[in-house]
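Residue numbering for the sequence shown follows the UniProt record's numbering, beginning at 1 and increasing consecutively.
Keep in mind that the hints are not guaranteed to be accurate.
[Claimed, not checked] Using C-beta positions, here's what the derived DEER-type ranges look like: (1) L252 - E152: 35 to 45 Å; (2) E250 - D70: 40 to 50 Å; (3) V67 - T36: 10 to 20 Å; (4) C205 - G80: 36 to 46 Å; (5) A242 - E68: 41 to 51 Å; (6) A164 - R220: 34 to 44 Å; (7) D30 - T254: 13 to 23 Å; (8) P93 - S174: 16 to 26 Å.
What the hints contain is simulated information worked out from the structure, not anything from laboratory work.
Every residue gets a Cβ at the ideal spot worked out from N, C-alpha and C, and that includes glycine.
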Amino acid sequence: MAATPDILCIGAVLWDVIGRSASTMRLGSDVPGRITRIPGGVAMNIAMTLTRFGLRPALLSAVGRDVEGDALLAEAEAMGMDVGHVYRSDDLPTDCYMAIEGANGLIAAIADAHSLERAGAKILAALENGALASVDAPWIGSVALDGNLTEELLRDIATSALFAAADIRVAPASPGKAQRLQPFVGHPRATLYVNLEEAGLLCHCSFDSSADAARALAERGTGRVLVTDGGRDASAAKAGGACHTATPPEVLVTRVTGAGDTFMAAHIAAERRGAGDRDALEQALRAAAAFVSGDTPQ
Numbered sequence: 001m002a003a004t005p006d007i008l009c010i011g012a013v014l015w016d017v018i019g020r021s022a023s024t025m026r027l028g029s030d031v032p033g034r035i036t037r038i039p040g041g042v043a044m045n046i047a048m049t050l051t052r053f054g055l056r057p058a059l060l061s062a063v064g065r066d067v068e069g070d071a072l073l074a075e076a077e078a079m080g081m082d083v084g085h086v087y088r089s090d091d092l093p094t095d096c097y098m099a100i101e102g103a104n105g106l107i108a109a110i111a112d113a114h115s116l117e118r119a120g121a122k123i124l125a126a127l128e129n130g131a132l133a134s135v136d137a138p139w140i141g142s143v144a145l146d147g148n149l150t151e152e153l154l155r156d157i158a159t160s161a162l163f164a165a166a167d168i169r170v171a172p173a174s175p176g177k178a179q180r181l182q183p184f185v186g187h188p189r190a191t192l193y194v195n196l197e198e199a200g201l202l203c204h205c206s207f208d209s210s211a212d213a214a215r216a217l218a219e220r221g222t223g224r225v226l227v228t229d230g231g232r233d234a235s236a237a238k239a240g241g242a243c244h245t246a247t248p249p250e251v252l253v254t255r256v257t258g259a260g261d262t263f264m265a266a267h268i269a270a271e272r273r274g275a276g277d278r279d280a281l282e283q284a285l286r287a288a289a290a291f292v293s294g295d296t297p298q
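Turn these sequences into a full structure, and let the hints steer you where they fit.
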């Protein structure tokens, strides 16, 4: 019998096609740079970081039965992930993400996660059929959820008996999908990882600091909340508990896609090693800084 994975990463597993330039860019810019294709998607990015910390994540996602899908899962397996529970579709292509980054940050991005959305609850089959869990024996470990899942599926997960004993970690895929996470605002077993803009969207207001945002979401009954704000202070708060704030290291930013996923995964890994609230926050900020500076492999 295969070993039980350390954590489930549920969501987008796709190819990232990213164009990066050292030039400052604006609408209509045509500049030299580099174009890469690498494994990506929120669930995959989190899983890749977890493997660098010595953990074995299992992917629950939808990947096409195409050349791109075969290559993507082969790379994931080579990195140490459990890919045996990924839903393989005969008629849906492998999803893709495309982004343009310049010296002034992310210029534009398009996430094509239509196959994941159309697959819906099929990606959770291993949590129902006994392969990983069942209604009678729900998953009791950590779960990393991705905001690329549909609103309907996220609502179902928030109340499903399959996740009744799980440590649920949730990240929006982007500010544009932050509202999908509303079922986890006020969820006592959920940990939300959001940036300042996403926190404001979830609370239907704006915040001046990460600490204000983290406290506001925690006061709504959310189990735990971590709020980042780029290179400015980040904060972590618990429902009915303390709020901790830390400043990320100053680094030269060479890439941004995947930074939030790296932060989330590093925080999970730090806590599994026994780090306390403040220490785990600081370790996650250092890992994210190393990623955006290019010191961490991608």
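So, going through the hints one by one against the coordinates:
Between L252 and E152 the C-beta distance comes to about 42 Å, which sits within the given range of 35 to 45 Å. In this structure the supplied range 40 to 50 Å holds for E250 paired with D70, their Cβ-Cβ distance being about 42 Å. Our hint of 10 to 20 Å for V67 and T36 holds, since their Cβ atoms are close to 18 Å apart. Between C205 and G80, the C-beta spacing of about 42 Å keeps the proposed range 36 to 46 Å intact.
As the Cβ distance of A242 to E68 is approximately 46 Å, the hint placing it in 41 to 51 Å holds. Remark: the range hint 34 to 44 Å for A164 to R220 is contradicted by a beta-carbon distance near 21 Å. Checked against the given bound of 13 to 23 Å, the beta carbons of D30 and T254, roughly 21 Å apart, stay inside it. Roughly 21 Å separates the CB atoms of P93 and S174, a value that falls within the hinted 16 to 26 Å.
Consistency with the previously given hints fails for number 6 only.
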